[in-house]
Amino acid sequence: MTGDITLIGYGLATIGPAIAVGLIFAAYINGVARQPEAGNLLRPIAILGFALAEALAIFGLVLFFLAFFTG
Amino acid sequence: MSATIAAAGLPLPTAAGENSHFPPTPEDFWQPLFKMFEIGGQAYYFTRPMALLLIAAIALSVWLLVTTRKAAIVPSKGQWLTEKVYDFARNDIARDMIGSRDFMRFVPFLFALFVFILLNNLFGIIPPFQNPTMARVAFPIALTLVVYVVYHWIGFKKHGAVGYFKFMLPSGLPGWIKPFILLLEMITFFITRPLTLALRLFGNMFAGHMLLVVFIVGGWVMFESGFLHEGGNPVIGVLAIPAWLMGALLTAFEGLIQFLQAYVFVLLAASYIGGALVDEH
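Chains as they are written, first to last, in this note's numbering: chain A, 1 to 71; chain B, 1 to 281.
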């Protein structure tokens, strides 16, 4: 069996952003459930937070490819 | 050889092993169509994403011209769709993020950015294109450069050269901490923001398309090794069906991601523009 340890590293690295994205949307759903009329106000904020948290996972992906294909 | 097969829109391998696209690598996204010119021994190719970029520009121009040329108060179906998309970019993105005072002059920019990225992303799942343009990192970088120049330019224009750096600092900080905060803020403004903006779009399109290739081409490789080769195990061949079902499911999911990424890119661009335009603290 062959492979590259960086793959496991990237898999582990996605856990953090995954939890972050889950928390952000949990908070968003909570907010809308409490105050449905705030949905439009909260949506861009939630998407912004989601994008920022997700950027970390994307960094991991890029670094994984750097490590995987350069050595 | 594999590049020409992929360029012809036939990414399926002809025989397992030789020419196989499984597992997919970033090289599979390099799909030259024909050679354009050569400078100093370095050949420059016209690639498939470049063709898609042109198609997107032409399609969007035609769509917007046709649906708005005979604009009426009671809109036709085409005009209604255009108005919905425009309304989304104008009110839900530009006005929310920039503020109702001076968002109007950025609406054409943001609307163009939005529909352009959206269509280019959707090319990832629309046959026969099936290749998201933004999966080559140069294209998101070019779009990000435009946004980068715009938000810095309006920031400099509004606050002045020195005032712009002063504006980056939050007010009410003790004096000794100011240099560090200024350094951090400058890293955010000049490095982190454009880097994340470009890499987010690239990474999502690239990884998402890779996922589709894994399930669909992987299913084909299993099917082939199960039924089309002598001594193949039929169980592996049958397992191709769930892989293809998963591919179909992920295609729908990918459509959602593609819309979301176009939205996020333009939303962040608008928020950077809005951030550069707020008044002094």
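Treat each hint with caution, since some may be false.
Stated by the list, open to error - Here are a few chain B residues that sit away from chain A, every Cβ distance over 10 Å (derived from the structure):
#: 1; residue: P26
#: 2; residue: D28
#: 3; residue: A59
#: 4; residue: V66
#: 5; residue: W176
#: 6; residue: G203
#: 7; residue: N204
Stated by the list, open to error - Here chain B is said to cover these stretches of chain A; the calculated rule only asks that three of the stretch's residues, wherever they fall, bring their Cβ under 8 Å from a Cβ of chain B:
#: 8; segment: 48 to 55
#: 9; segment: 60 to 70
Claimed, not checked - Computed list of chain A residues with no C-beta within reach of chain B, every gap over 10 Å:
#: 10; residue: A20
#: 11; residue: I24
#: 12; residue: A26
#: 13; residue: Y28
#: 14; residue: A38
#: 15; residue: P44
Everything labelled a hint here was simulated from the structure, so no lab data went into it. Heads up, the beta-carbon is just placed ideally off N, CA and C, and yes, glycines get one too.
Here is what the structure says about each hint:
no., hint, result
1, P26, "6 Å, violated"
2, D28, "13 Å, holds"
3, A59, "27 Å, holds"
4, V66, "31 Å, holds"
5, W176, "29 Å, holds"
6, G203, "4 Å, violated"
7, N204, "7 Å, violated"
8, 48 to 55, "holds (count 6)"
9, 60 to 70, "holds (count 4)"
10, A20, "14 Å, holds"
11, I24, "13 Å, holds"
12, A26, "18 Å, holds"
13, Y28, "14 Å, holds"
14, A38, "13 Å, holds"
15, P44, "6 Å, violated"
The earlier numbered hints that this structure contradicts are 1, 6, 7 and 15.
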